[in-house]
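Novice: Protein chains in written order, with my numbering: chain A, 28 to 244; chain B, 479 to 699; chain C, 5 to 244.
Hint data in this document are derived by calculation from the structure and do not stem from the laboratory.
Heads up, a few of these hints could be off.
Okay, the calculated beta carbon distance ranges per label pair [said to hold, decoys possible]:
id	chain 1	residue 1	chain 2	residue 2	range
1	A	F83	B	L696	22 to 32 Å
2	C	L110	B	G597	23 to 33 Å
3	A	T144	B	L628	22 to 32 Å
4	A	L224	B	S567	28 to 38 Å
5	C	S169	A	D86	45 to 55 Å
6	B	Y482	A	T57	30 to 40 Å
7	B	Y482	A	F114	42 to 52 Å
8	C	G23	B	G597	22 to 32 Å
9	A	R231	C	G39	42 to 52 Å
From the three backbone atoms N, C-alpha and C, an ideal C-beta is built for every residue, glycine too.
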Amino acid sequence: MFDTALTLSDLMFLIKGAGMTLAVTFFAVTGGTLLGLLFGVLRAQISVWAALPLIFVLDVFRSVPLLIQLVLANAFQAIAGLNMPPFATSCIVLALYTSAYCTEIVRGAIDAVPTVTRRAARSLGLSWGQDMRYIVFPMALRVALPSWIGLTLGVMKDSALVLWLGLIELLRSGQILVTRLQEPMFILMVVGAIYFLMSFPIARLGGQLEKRWREND
Amino acid sequence: MFNYTFQWRQALQKLPLLLDGALVTLQIALMSMAMGIVFAVILAVARNSRSTLVSAPATAWVEVSRNTPALFQIYMAHFGLGSFGIHLSPYIALLAGITFNNAGYLAETFRGALRAIPGTQLRAARSLGMPSLQAFRLVIMPQMFRIAFLPTTNQMVWAILMTSLGVTVGMNSDLAGVTQDINVRSFRTFEIFAIAAVIYYLIAKAVTLGARLMAARLFRY
Amino acid sequence: MIEIRNVYKSFGPLEVLKGVNLSVEKGEVVSVIGGSGSGKSTLLTCINGLEPINSGTILVDGVEVHAKTTDLNLLRRKIGIVFQQFNAFPHLTVLENVTLAPRKVLGMSKAAAEEIAVKQLTHVGLADKLSVYPGRLSGGQQQRMAIARALAMSPAYVLFDEVTSALDPQLVGEVLDTLKLLANEGMTMICVTHEMSFARDVSDRVAFFHKGVLAEIAPPDQFFSAPQHPETREFLSNIR
Numbered sequence: 028m029f030d031t032a033l034t035l036s037d038l039m040f041l042i043k044g045a046g047m048t049l050a051v052t053f054f055a056v057t058g059g060t061l062l063g064l065l066f067g068v069l070r071a072q073i074s075v076w077a078a079l080p081l082i083f084v085l086d087v088f089r090s091v092p093l094l095i096q097l098v099l100a101n102a103f104q105a106i107a108g109l110n111m112p113p114f115a116t117s118c119i120v121l122a123l124y125t126s127a128y129c130t131e132i133v134r135g136a137i138d139a140v141p142t143v144t145r146r147a148a149r150s151l152g153l154s155w156g157q158d159m160r161y162i163v164f165p166m167a168l169r170v171a172l173p174s175w176i177g178l179t180l181g182v183m184k185d186s187a188l189v190l191w192l193g194l195i196e197l198l199r200s201g202q203i204l205v206t207r208l209q210e211p212m213f214i215l216m217v218v219g220a221i222y223f224l225m226s227f228p229i230a231r232l233g234g235q236l237e238k239r240w241r242e243n244d
Numbered sequence: 479m480f481n482y483t484f485q486w487r488q489a490l491q492k493l494p495l496l497l498d499g500a501l502v503t504l505q506i507a508l509m510s511m512a513m514g515i516v517f518a519v520i521l522a523v524a525r526n527s528r529s530t531l532v533s534a535p536a537t538a539w540v541e542v543s544r545n546t547p548a549l550f551q552i553y554m555a556h557f558g559l560g561s562f563g564i565h566l567s568p569y570i571a572l573l574a575g576i577t578f579n580n581a582g583y584l585a586e587t588f589r590g591a592l593r594a595i596p597g598t599q600l601r602a603a604r605s606l607g608m609p610s611l612q613a614f615r616l617v618i619m620p621q622m623f624r625i626a627f628l629p630t631t632n633q634m635v636w637a638i639l640m641t642s643l644g645v646t647v648g649m650n651s652d653l654a655g656v657t658q659d660i661n662v663r664s665f666r667t668f669e670i671f672a673i674a675a676v677i678y679y680l681i682a683k684a685v686t687l688g689a690r691l692m693a694a695r696l697f698r699y
Numbered sequence: 005m006i007e008i009r010n011v012y013k014s015f016g017p018l019e020v021l022k023g024v025n026l027s028v029e030k031g032e033v034v035s036v037i038g039g040s041g042s043g044k045s046t047l048l049t050c051i052n053g054l055e056p057i058n059s060g061t062i063l064v065d066g067v068e069v070h071a072k073t074t075d076l077n078l079l080r081r082k083i084g085i086v087f088q089q090f091n092a093f094p095h096l097t098v099l100e101n102v103t104l105a106p107r108k109v110l111g112m113s114k115a116a117a118e119e120i121a122v123k124q125l126t127h128v129g130l131a132d133k134l135s136v137y138p139g140r141l142s143g144g145q146q147q148r149m150a151i152a153r154a155l156a157m158s159p160a161y162v163l164f165d166e167v168t169s170a171l172d173p174q175l176v177g178e179v180l181d182t183l184k185l186l187a188n189e190g191m192t193m194i195c196v197t198h199e200m201s202f203a204r205d206v207s208d209r210v211a212f213f214h215k216g217v218l219a220e221i222a223p224p225d226q227f228f229s230a231p232q233h234p235e236t237r238e239f240l241s242n243i244r
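Hey, can you work out the whole structure from these sequences and the hints?
Specialist: What follows is the structure, encoded as structure tokens:
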């Protein structure tokens, strides 16, 4: 198994692929988090009935396979004559997909702040904005952060699907090497190890953060 | 608005084919869940074992399944095993990949549920003369499944979504596979995939609803 | 007959049993009293083999509990135990809680197990709660169910581990009444308890557990009116 044709430049090729995975993840998570914050605060603010259209749309993002979403979006931008590069399409779809989960995290975290605490803040004369900024946000952050880390890692793993639109991210670069070198198990194990290295330490950190905060409560 | 004529009627004619695919999708998801639950129970118990020989492989399984993409796991089954001369069909590779993933995630769910059951329950069962396996099966496991029911339902929805990944290894009988098959012959990509999306959505909702009804029947305490 | 001979038991550096000796005859009721956290409960879980011991022997009807060759599951069938925290199985109805072990451990038919269960549940005053889940019961009712569950195995001995300690004061009486009923029927019982009136009225002998040993064992009259050991006197004067 260690007798491999994999060269250093092949390894660099994989690392470049990992760079693409990280780039897609970065844009998706940044966009998705901003949208998620917006939708989440909105969800916590307005009534369920008013939020129904939003709830429905976000639920669709969570109930339709990402692969199907990517193909649909790509077909749509072609029809609309937008001429978007696959990278942009992928980032937008993944960002919307991320926002659907992020909204739930944000709403859940805001709901986790006790009403009495917020009443107390407002009773002290804090405005809605001040209450959000100084009371709700810091408290909600502790609830949301572990789940948000989990979401980010989830998106990183799901981003492998953008290979279907032709992006050469980590898994796709692995596949290219497999075709060329005919050593599927070894190369895929290298690919898996890279994914693992990008995911596992952060997952552990998230787990520890959650544990420590739970113990402090 | 667009320089394109939508051909919904032509796409809708393929609905019977798509629904056949949906059945295969549901079938794979259900099988992968059934096997995943069995493996997950074993993994959850094994991870708590004091013997490293038992707990280490279980931990490896769980961590790999949770820290690599599901698609990677399917690739491993389809391409990776080729190194050992094992060539799984897309169907089996997909089933194996999703089962592996389900088992890893559910193992963590079950482990959390086991921790939530007071240790005194096991002591009480053992005190009645039950051997440990019987005590686990009759007293601990039913409580574990109840605590883990909602996350298990979510995993089932995940399993359905994951079946769509089969198309990347050449699967052509499930909903995504059938959709892609029709697509490459008709080039009505948007219409055909939009219909597939609706079907996936409806399956996911039906599963969630079904699970709720099941929970109401199963857990009366 | 239960014979406890020179039993030592420690949890890590903490020695809880330091040479305990006690024998309990068939039909006898022995109450064990003493300060909290002194290891009284540990003694009970050693008797049915839930806890291993460091040295000494415990014999139940001549069978050594902690011998490697002993089939503990077999042995536990004749030693019932009722815990402080009830330990009702929440996913089973009251009837199912009581029939589970007779059916699955003793291999009884459903009908036979239910007949016994109904008899025992009637005995403890829960005949009207058969199809209720434990979550709907009060603490006292749950504890009485736990007693019926232990009795349904027709044990030769029943161990009671501070069975009233987790109960609201107004519910203690109903459980103690059940225990008295059993004692009067000739059941062999070891009761770790804080209820002095129970120890005095129902026991054949009372044992005082202090610093890992049974410092004094005597019939209740003698135990309460003329305690021999200075620590017993001290303990009794504190609770009065």
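Novice: Determine for every hint whether it applies to the structure shown.
Specialist: Status of each hint after checking the structure:
1. Separation of F83(A) from L696(B) is about 29 Å and conforms to the stated range, judged on CB atoms against 22 to 32 Å.
2. Between L110(C) and G597(B) the Cβ separation comes to about 25 Å, which falls inside the hinted range of 23 to 33 Å.
3. For T144(A) and L628(B), the Cβ-Cβ distance of about 27 Å falls inside the hinted range of 22 to 32 Å, so the restraint holds.
4. The hinted range of 28 to 38 Å is satisfied by L224(A) and S567(B), whose Cβ atoms lie roughly 32 Å apart.
5. Checking the proposed 45 to 55 Å range against S169(C) and D86(A) shows it holds: the Cβ atoms sit about 50 Å from each other.
6. The beta-carbon spacing between Y482(B) and T57(A), approximately 32 Å, falls within the hinted interval of 30 to 40 Å.
7. Y482(B) and F114(A) have their C-beta atoms about 23 Å apart, which leaves the hinted 42 to 52 Å range violated.
8. In this structure the supplied range 22 to 32 Å holds for G23(C) paired with G597(B), their Cβ-Cβ distance being about 28 Å.
9. Under the hint 42 to 52 Å, the C-beta atoms of R231(A) and G39(C), about 44 Å apart, fit the expected range.
Of the numbered hints listed earlier, the single one contradicted by the structure is hint 7.
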